[in-house]
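Using the numbering used here, you'd call the opening residue of the sequence shown number 477 and step up by one each time.
Bear in mind the hints are in silico, worked out from the structure with no lab data behind them.
Treat each hint with caution, since some may be false.
Label-pair distances were calculated between CB atoms; the ranges are [what the hints assert, rightly or not]:
1) P585 - G540: 18 to 28 Å
2) S561 - Y642: 45 to 55 Å
3) G617 - T567: 15 to 25 Å
4) V626 - A552: 28 to 38 Å
5) S561 - I590: 37 to 47 Å
6) L514 - W633: 12 to 22 Å
7) S534 - E588: 13 to 23 Å
These numbers were taken from a predicted model, which means no experiment stands behind them.
Backbone N, C-alpha and C fix where the C-beta goes; we use that ideal spot for every residue, glycine too.
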Amino acid sequence: MKTAIASILTTAAALAAVTCAHAEDAREVTGPYAGIALGASSFSADGAANVDDDGYGSTFRVYGGYQLTDHLGVEAGYARIGDVSQTFGDTTHTLKARSTYVAATGRLPLTETISVGGKLGLSFGEVSGDDLPSAERQATGRKRSVMAGVNAEYQPWNRIALSISYDYHGKLSDEISASSLTVGVRYSF
């Protein structure tokens with residue numbers, strides 16, 4: 477996990493260090509957009525027996541939205557948050573975690589090419605697994621909860637932006653909550 481975070485932070489620092497020489501004069505930020513992000517996820521088990529409480533995984537997120545103004549927008553997305561392990565006796569089962577979300581977004585331009593932002597919305601989480609013993613308390617299930625995120629974005633070209641994001645996905649089931657740290661690319665139409 478430390479190497480994944482170090483890689484993400486190094487990539488973000490390299491992106492931030494790129495000069496604005498490649499930037500075009502006019503930046504269009506309003507309108508529809510779509511993006512993809514990759515990174516690392518972290519899980520927390522809230523009382524579930526035999527769950528890897530400090531589990532880490534890989535995550536990816538696809539999303540789209542509409543930037544209504546320079547400062548406000550809406551976004552919907554799907555995040556495959558990764559896997560968490562739950563052990564029953566001698567057998568360890570892999571549980572898959574994911575979330576679909578809708579959120580309002582806020583954006584604060586710092587320069588012509590750099591901005592910070594956040595989102596607040598609703599997460600529809602799910603943790604599922606195969607061949608789990610029915611007599612044991614499982615960490616699987618579905619849960620709707622509040623989700624939030626913060627990000628920094630660098631827009632070197634008119635329609636393409638690079639970002640680093642931290643998202644708290646909330647509770648994915650009654651027992652599991654998750655967060656993720658990702659780097660991504662967004663294309664504005």
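Structure-based check of all given hints:
Evaluation of the 18 to 28 Å hint for P585 and G540 yields a pass: the beta carbon distance comes to about 21 Å. Under the hint 45 to 55 Å, the C-beta atoms of S561 and Y642, about 24 Å apart, miss the expected range. Judged by the Cβ atoms, the range 15 to 25 Å given for G617 and T567 holds: they are separated by roughly 20 Å. V626 and A552 have their C-beta atoms about 18 Å apart, which leaves the hinted 28 to 38 Å range violated.
Taking the beta carbon of each, S561 and I590 are about 39 Å apart, inside 37 to 47 Å as hinted. For the pair L514 and W633, the beta carbons lie near 20 Å from each other, so the given range of 12 to 22 Å is met. Checking the proposed 13 to 23 Å range against S534 and E588 shows it is violated: the Cβ atoms sit about 33 Å from each other.
Checked against the numbered hints listed earlier, the structure breaks hints 2, 4, 7; every other hint is satisfied.
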